[in-house]
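Protein chains in written order, with numbering that gives the first Met the number 0: chain A, 0 to 154; chain B, 0 to 154.
Worth double-checking, as some hints may not be accurate.
Label-pair distances were calculated between CB atoms; the ranges are [said to hold, decoys possible]:
1. Glu61(B) x Arg37(A): 36 to 44 Å
2. Lys101(A) x Gly34(B): 19 to 27 Å
3. Ser44(A) x Arg49(B): 34 to 42 Å
4. Tyr70(B) x Arg37(A): 50 to 58 Å
5. Gln42(A) x Gly34(B): 40 to 48 Å
6. Asp72(B) x Gln42(A): 32 to 40 Å
7. Ser128(A) x Arg49(B): 44 to 52 Å
8. Pro143(A) x Gln42(B): 40 to 48 Å
9. Pro143(A) x Pro143(B): 40 to 48 Å
10. Pro74(A) x Asp54(B): 44 to 52 Å
11. Asp39(A) x Arg80(B): 43 to 51 Å
Here chain B is said to cover these stretches of chain A; the calculated rule only asks that three of the stretch's residues, wherever they fall, bring their Cβ under 8 Å from a Cβ of chain B [stated by the list, open to error]:
12. 24-36
13. 66-73
14. 119-131
Simulated from the structure, these hints should not be mistaken for lab results.
Even glycine gets a Cβ: it sits at the ideal position worked out from N, Cα and C.
2 protein chains.
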Amino acid sequence: MLNRTYENQVCSIARALEFVGERWTILIVRDAFLGVRRFDDFQRSLGIARNVLADRLDRLVEAGIFERRPYQDRPPRYEYRLTERGLDLHPVIFSLMKWGDKHAAPNGPPRLTLHRGCGGEIDDYLTCSKCGARVTARQVEARPGPGLEVPAAQA
Amino acid sequence: MLNRTYENQVCSIARALEFVGERWTILIVRDAFLGVRRFDDFQRSLGIARNVLADRLDRLVEAGIFERRPYQDRPPRYEYRLTERGLDLHPVIFSLMKWGDKHAAPNGPPRLTLHRGCGGEIDDYLTCSKCGARVTARQVEARPGPGLEVPAAQA
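Please model the complete structure; the sequences and the hints are all you need to start from.
Structure, rendered in structure tokens:
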């Protein structure tokens, strides 16, 4: 949990930001929604310093948003999985993405979100535009969108 | 706009966070949704240092999320209003609130969100639980909820 720099705010938004009010934290959670689970994969995806990543993962575990599960004994290695509490952050991540798609993606959405198994696009109200179902985190499938391009530095 | 510390991320979430990936910024935007418009009122609501507030407001204007409008000539005074681009952040603020209500509000939600004119509570899918309408930022009305209490320090 981050410091409470605004102790006097009785507000669920302020409280939520104590857990996820930091950019790397949100990007780590985003990666988890995209299926990333292991330290090295988060590190590669984010290009973040290892000590910063370790700190943010520790906080996310402490906050009950991730759980640490062993996947190897020698040497001991752990992976990080979203808990139910973490999965509940899906609308936060999704709404940030939708805003970015509309206002900061001149080449179109880098990523399309589809209703898994149905294929319909998911609209701003987290509802499948094809079948009308309200979708939850586990029912969303991400696909590359028209705005996705590998930057020159990575090519 | 914040620094791009992750230039190589082709991602609408990362892009959105360049605009709003900072706690004070999100709380300023929250206050704007609650009707705050003037510098002194933001300052009073947030208890934030004036130079920090001025900096964040400047960035929000520069990012096209707020617009500055004169409301007084002598001395010149301005108020800050959400633009359409800013109003589009409503689902982000709303989803943070819903997460906080569920996971960080032991006394219940500090704030209830109702469908203006209808009175129905707004569910997790930004839909009125009474009439079924999908609501936008302008159709949401905030009311004090059971979790609202004035902390001792402010009483």
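Results for each hint:
A beta carbon spacing of about 38 Å between Glu61(B) and Arg37(A) agrees with the range 36 to 44 Å that was offered as a hint. With their beta carbons about 24 Å apart, Lys101(A) and Gly34(B) fall inside the hinted range of 19 to 27 Å. For Ser44(A) and Arg49(B), the hinted distance range of 34 to 42 Å is satisfied, since their beta carbons lie about 39 Å from each other. For Tyr70(B) and Arg37(A), the Cβ-Cβ distance of about 54 Å falls inside the hinted range of 50 to 58 Å, so the restraint holds.
Here the CB-CB span from Gln42(A) to Gly34(B) is close to 43 Å, well matched to the stated 40 to 48 Å. At about 55 Å, the CB distance of Asp72(B) to Gln42(A) disagrees with the hint of 32 to 40 Å. In this structure the supplied range 44 to 52 Å holds for Ser128(A) paired with Arg49(B), their Cβ-Cβ distance being about 46 Å. A hinted range of 40 to 48 Å holds for the C-beta pair Pro143(A) and Gln42(B), which are about 44 Å apart.
At about 45 Å, the beta-carbon gap between Pro143(A) and Pro143(B) stays in the expected band of 40 to 48 Å. Between Pro74(A) and Asp54(B) the C-beta distance comes to about 46 Å, which sits within the given range of 44 to 52 Å. Judged by the Cβ atoms, the range 43 to 51 Å given for Asp39(A) and Arg80(B) holds: they are separated by roughly 46 Å. For a cut-off of 8 Å, the count of residues in the stretch 24-36 of chain A with a CB near a CB of chain B stands at 3, and the three-residue condition holds.
Check result for the stretch 66-73 of chain A against chain B: violated, 0 residues qualifying (beta carbon to beta carbon below 8 Å, three or more required). Interface restraint, the stretch 119-131 of chain A with chain B: holds (4 residues with C-beta to C-beta distance below 8 Å; minimum three).
Hint compliance for this structure: hints 6, 13 are broken, all remaining hints hold.
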